[in-house]
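Those sequence lines, one after another, are chains A and B.
FYI, the numbering for the first sequence is 1 to 238, going by the UniProt record's numbering.
FYI, the numbering for the second sequence is 1 to 238, going by the UniProt record's numbering.
Don't read these hints as lab results, they were simulated from the structure.
Don't take every hint at face value.
One copy or any two copies: either way a pair holds, since identical chains are not told apart in the list.
Computed cross-link-like contacts, DSS-like style, restricted to lysine-lysine with a CA-CA straight-line distance of at most 30 angstroms [unchecked claim]: (1) K163 <-> K186; (2) K200 <-> K34; (3) K16 <-> K186; (4) K123 <-> K75.
2 protein chains.
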Amino acid sequence: MVTKNQIKLVVSLKQKKYRSQHGLFVVEGEKLVKELLREGLRPFKIFVASGYDSSGFGEVDQISTADLKQMSSLKQPNGVLGVFYMPEVNRNQTYDWIVALDAVRDPGNLGTIIRLCDWFGIKQLVCSEDTVDCYNPKVLQATMGSIARVNIIYTDLTTYIKKLELPVFGTFMDGTSIYAQKMPDKGILVMGNEANGISKEITDLVTERISIPQFGEPTAESLNVATATAILLNEIRR
Amino acid sequence: MVTKNQIKLVVSLKQKKYRSQHGLFVVEGEKLVKELLREGLRPFKIFVASGYDSSGFGEVDQISTADLKQMSSLKQPNGVLGVFYMPEVNRNQTYDWIVALDAVRDPGNLGTIIRLCDWFGIKQLVCSEDTVDCYNPKVLQATMGSIARVNIIYTDLTTYIKKLELPVFGTFMDGTSIYAQKMPDKGILVMGNEANGISKEITDLVTERISIPQFGEPTAESLNVATATAILLNEIRR
């Protein structure tokens, strides 16, 4: 059963404003919902469409396909929709490397970067206030369960970076090749906006200008921010 | 000016069948159209919306915004739509490393991989017949101008790989760490399908099973195929 008010609530959670207000977010699909449950995230409601196998979710609300369709962000809702409480952000997390995002706007890129942080054991991801919200449905679709395993903070990046007094790495065309650059045990890797790169203000805080060597014909193109992050995290960890 | 038949032709090019039939494909946006012209790709027609700056394109057809909207794949058409002849595939290209895609289905992933090949100087990209078409509008949006600089072949992958007699690298959970694996000067890097990985048939042809080490808590998740390609090409070139 689902009430009209619950449907209204779930639909409202498509907007960041209401997600923040209620401290709730939505994920869809059996695989992702089960993974978040396994990671210990606290469910608010799990809705399962009638006819869909509801075992293994714990307590569920069975609803009609029509009701699910009303709440879903997907063209083809796939049976399960989970509403979860946002996990508490651990601000005292221990970490070695931190990834800092300066106005990354594309949900797919953020999702991929969260997944990369998880893979490479980066516990702390710090996002500027104008980075896309990590509970955006498209981000969640791209992160898979990694959203539960990486500590994600939204804050003023300048203040945050200044306070830490760690080496700050940023990628620039004229930077030192990553093959020649020694990577310390601790540091901050800043990745910039898709179109404009790292902002002027954050550039001033970068202590190590690095670059990923290009082997093809030189062009004006740069690498996509998510693939560049993949290469850099691999270099940091190797 | 644009005729009704031309509009019909351009709209038909959204489908692979008609792209192959006519040997034509569509790109949108001033930046991409100009880059393909600069790379020497032969234009069939360049349509520019009235009011939009048409300089620097060579010969153009000025059309109304309404006509452009009819032809465009974008919700918000952005002034320029170019129809290009598909470049001839050079089957005698010299190469060192070849990337081979086994049923990669997501257009964004293929686009990103083409861009990575361009960046890392991989001249030859070989796709299985069931890999998404490289002239799909979403692929082109993600490749940027790289589509003009990488030689892309669609063929039967098994036959192709067998003929070359090169070491064949594939990523598997139980593979040798890429940090321990020596990369030869020449080889084939096979990347598999988003959901199923490398197919049984191609797995039998893999001579070097490799893996990208995971540093976070071990999970069932794997890396996205495009980010894995980024890391592997960086390892091959470094």
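Do the hints match the structure? See the list:
Taking the shortest Cα distances, K163 and K186 sit within 30 angstroms of each other inside one copy (15 angstroms), while across copies they are farther apart (47 angstroms). Proximity of K200 to K34 under the C-alpha cut-off of 30 angstroms is restricted to the inter-copy arrangement: shortest distance 29 angstroms between copies versus 42 angstroms within a copy. Taking CA atoms no more than 30 angstroms apart as the test, K16 paired with K186 passes in neither setting, with 33 angstroms inside one copy and 49 angstroms between copies. In the homo-oligomer, the alpha carbons of K123 and K75 never lie at most 30 angstroms apart, since the shortest distance is 33 angstroms inside one protomer and 38 angstroms across protomers.
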